[in-house]
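Taken in order, these protein sequences are the chains called A and B.
Taking the numbering used here, I'd label the letters of the first sequence as residues 1 to 236.
Taking the numbering used here, I'd label the letters of the second sequence as residues 1 to 342.
Keep in mind that a hint or two might mislead.
Among chain B residues calculated to face chain A with C-beta under 7 Å, some are [what the hints assert, rightly or not]: (1) Ala128; (2) Glu132; (3) Asn183; (4) Pro184; (5) Gly204; (6) Ala211; (7) Leu215; (8) Arg218; (9) Ala219; (10) Glu221; (11) Phe266.
Here are a few chain B residues that face chain A, going by a calculated C-beta distance under 7 Å [stated by the list, open to error]: (12) Asp126; (13) Leu127; (14) Ala210; (15) Ala267; (16) Glu271.
Hints were generated in silico from the structure; no laboratory data involved.
Being a predicted model, the structure only gives us computed values, none of them experimental.
Beta carbons: idealized from backbone N, C-alpha and C, even for Gly.
Chain by chain, the residues run as shown.
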Amino acid sequence: MYRRTEYKRGKVRFAAMQRTGKLAVLGAGHVGPVIARLAIRAGYPVAIATSGDPDDIALITELVIPGAQPRWASDAVADADTVVLAMPLHRFLDVDPGLLAGKLVVDAMNYWPASDGVLPAFEDGASKGIGSSEIVARRLTGSAVVKALNHIGYHELEEWARPADAPDRRATGLAGDDPAAVAAVAELTDRIGYDPVPLGSLRAARVLQPGGPVFGQVLTLPEFERAVYEDARALR
Amino acid sequence: MTYTFGLDTFGDRNSDAGGTPLSHAQTIRNVVEEGVFAEQAGLDFFGIGEHHTDYFPMPAGDVVLAAIAARTEKIRLGSAVTVLSSDDPVRVFQRYSTLDAVSGGRAEVILGRGSSIESFPLFGYDLADYEELFDEKATLFAELLKGGPVTWEGKTRAPLLHQDVVPHLESGPFPAWIGVGGNPQSVIRAARLGFGLALAIIGGPPARFAAYSELFRRALEKFGQPPRPVLVHSPGHVAATDEQAKAEFWPRWRETIALVAEERGFAIPTEASFDRETGPDGALYVGSPETVARKIAANMQTLEAGRFDLKYGLPGLTHEQLMTSIELYGQRVVPRVRELLG
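Extracted from the complex, chain A is given alone in its bound form (with noise of 0.2 Å):
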């Protein structure tokens, strides 16, 4: 239905990769450990980084992310494989997109106004309809970026992770214009505990939104597919 062909061939494909995978998690406020902890869990060797030095967040690393690394961003993303974004959206417009280039990046963030306040970079592309993770790709032009991880509530997120075979597993969106990417990203969410349910281009994104159907819920698959199918078909 979402490409699942697709994102099954990308699974056997990019399988080998994602063994080896390392992650680079940005941002340690609400969002950054939580992925981070559910990664490390799921066997991913994990750095964490903010804008600053790493030594801040040494002690948060020990007690609340134990198993990742604190580093500089700069470091934790030359080694890494996938970089996950989880920092508020006006501190991703401080990031030099030359440091992500050539990776694999997951887009956990949300343009927010109604939280977060209104960002002139993004409220433009807001107002034609358009998502912030396209909005993101287009700063990131050396990067294969994939939305995900965005649309669960943090504490949730961890609440709801369950292995493949829970019978109250939970679904999450993804979608990204590379589906290499898309089915890394794919078999990611899959191993930190959730149904991967690719949606298509980074365009159908837009349904991951705040304001969209699924954002702030915790669906099964069956109950996410009906929630995103009439919006993410008409985006496609």
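Got chain A; can you put chain B on it based on the hints?
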């Protein structure tokens, strides 16, 4: 460890028994009665959270606390929380040092960045400056609390040069906390500035915050600060039986979360999610005195918390239901929690 117990309200707009909303003014007068009654019910603290909405008409809680102070003797009175980011720290200090004077040394503040953010547009602040506003203002507030002339310079308000800020504190700094909703960097900030840690736990398993208590203690050591307490703030409602408490609370909870869901990204609660949150691993303390007491005792132990503040009430509940909840919390729940904690 000594344990203390409080009640918090957001000035949740009351309804009458027929479901008609009371006026903002009557709701505020009812909060005064509830605060006075909280002391009679034996509670240690009564807190008022700043909000600016039709369903939480409570923008000037310090004025309400002063009215309660005039009619009480022992209960401590404070904000829960003050949205410091969109206020002037000098003014907040002045209002609460005045409350400290009026109440004979019973004032406290819990400072928050504001997970409810309606005050930002109201007072002309940009939500994108959220982090810088809070960090600077919390740092200045810590200076003001020390007493004596203050010299300070930053981006978010006019500089101060050897400024004597009045009224002077009569008996040293009053207790001040930072409210944290799940950002570990906020825990570090509370420790660095020497504030208490107030964990606002309003959804999901409370046990996940245990690492934050440990983080707070270790960070206090790292910054050379003396030990500071941990407080847990969570919503709840006490009635004679579990069934009655849930029946009163659930429809109002669903309505209230639906109102705030859009701006805060909450999922609309379902009966299944409500059952989970009111169960032993959830964040809501809704039930009979025994049910609520067991849950509070268990979580205070897990989180090594010295204080528990129950956020009572919801828009649409009646003043009478709230008074019953306060009476049961003060006279049945708290003594039972103390017994369970030994």
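Against the structure, the hints come out as follows:
Against a cut-off of 7 Å between C-beta atoms, the interface hint on Ala128 (chain B) holds, since the closest Cβ of chain A lies about 4 Å away. The interface hint given for Glu132 (chain B) is broken, as the beta carbon of that residue sits about 11 Å from the closest beta carbon of chain A, more than 7 Å. At its closest, the beta carbon of Asn183 (chain B) sits 5 Å from a beta carbon of chain A; the interface hint therefore holds under the 7 Å criterion. The closest approach between the C-beta of Pro184 (chain B) and any C-beta of chain A is roughly 4 Å, which is under the 7 Å cut-off, so the hint is satisfied.
Evaluation of the Gly204 (chain B) hint against chain A yields a held restraint, the C-beta minimum of about 4 Å falling below 7 Å. Restraint check, Ala211 (chain B) versus chain A: the minimum CB separation of about 5 Å is within 7 Å; hint holds. The beta carbon of Leu215 (chain B) comes within 5 Å of a beta carbon in chain A, closer than 7 Å, and the hint placing it at the interface holds. At a threshold of 7 Å, the smallest CB-CB gap from Arg218 (chain B) to chain A is about 6 Å, leaving the interface hint in force.
Because the beta carbon of Ala219 (chain B) sits about 6 Å from the nearest beta carbon in chain A, less than 7 Å, this interface hint is met. Checking Glu221 (chain B) against chain A by beta carbon gives a least distance of about 10 Å; that is not within 7 Å, so the hint is violated. Among the interface hints, the one on Phe266 (chain B) holds; its C-beta lies about 6 Å from the nearest C-beta in chain A, closer than the 7 Å criterion. Evaluation of the Asp126 (chain B) hint against chain A yields a held restraint, the C-beta minimum of about 5 Å falling below 7 Å.
Below 7 Å, beta-carbon pairs count as interface contacts, and Leu127 (chain B) has one with chain A at about 3 Å; its hint therefore holds. A cut of 7 Å between beta carbons decides the hint on Ala210 (chain B): the least distance to chain A is about 10 Å, and the hint is violated. Hint status for Ala267 (chain B) relative to chain A: holds, with the closest Cβ pair at about 5 Å, below 7 Å. For Glu271 (chain B), the interface hint is violated, since its Cβ never comes within 7 Å of a Cβ in chain A; the closest pair sits about 15 Å apart.
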